[in-house]
Amino acid sequence: MTQIAKPIKRRKIKGDSGAGYAFIAVALVIFALFTAYPVLSALIISFQKYMPLGSKFIGFDNYIDSFKDPLFWKAIKNTVVYTVLTVPVALFISLGVSLLILPLKKKLQTVFKAIYYLPAVASGVALSVVWLWIFDPMPNGIFNQLLGYFGISNVNWLGATSTSMFSLVLMSWLSSHGTSIIIYLAALLGIDDSYYEAAELDGASFLKKLWYIVIPCLKPTTLFLLVTGVIGSFQVFQNAYLMTGGGPDNATTMVGLLIFNNAFKYFEFGKAAAQSLILALIIGGISLIQFKFLGKDVEY
Amino acid sequence: MALYSEHTGKKPLKYARNTVIIIILLLFALATIFPIYFMIISSLGDPVEAGAMSYTLFPTKISLESYKFFFDYSDYSLRWLLNSLIVASVVTVSNVFFASMAGYAFSKIRFKGRSVLFAILLVAMMIPYQVTQVPLYILIVNIFEIQNTYSALILPGLVTVYNIFLSKQFMSSIPGEILECAKIEGCNQFQVYLRIILPLSKTVLAVMAILTFMESWNTFFWPLLVTNTMDMQTIQVGLKNFRFANTTYFAPMMAGATISALPMFILFFSLQKYFLKGVTVGAVKG
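Residue numbers (the working numbering), protein chains in the order written: chain Z, 736 to 1035; chain G, 28 to 313.
Where hints are given, some of them may not hold.
[Unchecked claim] The list that follows gives simulated cross-link-like pairs (lysine-lysine, DSS-like), each with its CA atoms no further than 25 Å apart:
id, chain 1, residue 1, chain 2, residue 2
1, Z, Lys954, Z, Lys943
2, Z, Lys842, G, Lys300
3, G, Lys38, Z, Lys944
These are computed hints drawn from the structure, not numbers from a lab. This structure is a prediction, so every number in the text was calculated from the model and none was measured.
Generate the whole structure from the sequences, applying the supplied hints.
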């Protein structure tokens, strides 16, 4: 007996560690090469004036230059404005819509979920092509036609400093809700019926139930959507790049686009790396604050 | 008993309420769908310059001329689709395979440094992609010198941390007893993975495959950086170039956009269940 049991036991203990490393080997190599190394490298590059053959160490100059650059501050301001205008509204709309979907039959729920999710399936490039024509500044642009019915004259949506940021915000209001609607709906369906029953015994109205049961129960979901929403919004690049190119007069230049321009338009790799690390710190800081203030009684 | 009153005994009231709700939802659905409807409808128009035409929301005739125009624009239009397909397929297969292997190791195999390594992965997930983009570009272009190749498009995406995290989360819920039994029966770790873990994780792996494929198909930023000739571009980059070269040709542009989005629409409608599942799978944290 012992002769049979022994080798099996030994193989298990010895083999496990080796098997563990074997199983993560490929993932680890890819991660080390294409994520870990670039992060460390970004840190180094951010202290250098990058040149293809032998970069020069210049200390904190890239960081200091960035903070002295009015465009960097403008980009941060634009990013904050964009985030403040889009993320809370998106949460509000998706909560409202998912509350409306809730009482419907399962089949109808799925139909609406699918419809609202559809834009998320299309590529950002395809959508930007369409939205460019919706925002066409000519009188026969879709939005301008719409305004025409109300007797409002042409708006140069993406072309004027006063409306270009609002146009990007409007586009976000009307497109990207599918994901958060579905997540909210799943959370709503997860609220236990006994809460409602207890509330009804106390004669609570719909609004009371909404305020005292639904909103607190959805807090973890809201926090999750808020944090991911803000993180995503701070990194926004594609829409600004494809729709306005940051213009006019940098009115829609956001940090993501500024970093891209510094890196791949002006080839100031050091500056781009420094700014990207500042962005990472800002995002980390904001996420921490959100968890601290909103996550107090949220359990994970 | 639920959030909404059932209106028991007052059926008409319930119907009236649901009708109002459905109307509101339909209006919002209309606003959401409109750009896509507009894209597809307009792509069926003639390829004339924009100045000479006006937009119609209801087409009077259907023509595929604009699609022909898009494909005639460059010798490589079809190649773009093929490139996207190759890149997305390879990335998807390798993610499903390697991320699930890593997920299995992180959830079920005890080895030294496991929790530290996993913590590092989690932290890395929070780093914005802007941080890695410059060094990654230097690595691919200046060090490996593989710019404008399939390797450059594929390699950085072979396994994503998010997918490792996803499969680890799911596999943690598989009871360890099953695996112990298999080991006692004489399975080695790889057999356990192949014969027990993979079959049990089918759904989550399907979700992962679909989301990865979609993301890879739609990705624009990385292919834009590492390709510089038309024959290596993906459909998204090609569409962008087409747009900049033909700013006045409205219908062909819409045709191009439709071509880039259509494969995903087809995939979405045939595998809708997995798509919708995929949204919540990532949001529910353990």
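Verification of the hints:
1. With a C-alpha separation of about 16 Å, the suggested pairing of Z/Lys954 with Z/Lys943 holds against the 25 Å cut-off.
2. With a C-alpha separation of about 12 Å, the suggested pair Z/Lys842 and G/Lys300 falls inside the 25 Å cut-off, and the hint holds.
3. Between G/Lys38 and Z/Lys944 the alpha-carbon distance is near 22 Å, which keeps this suggested pair within the 25 Å criterion.
Hint compliance for this structure: no hint is broken.
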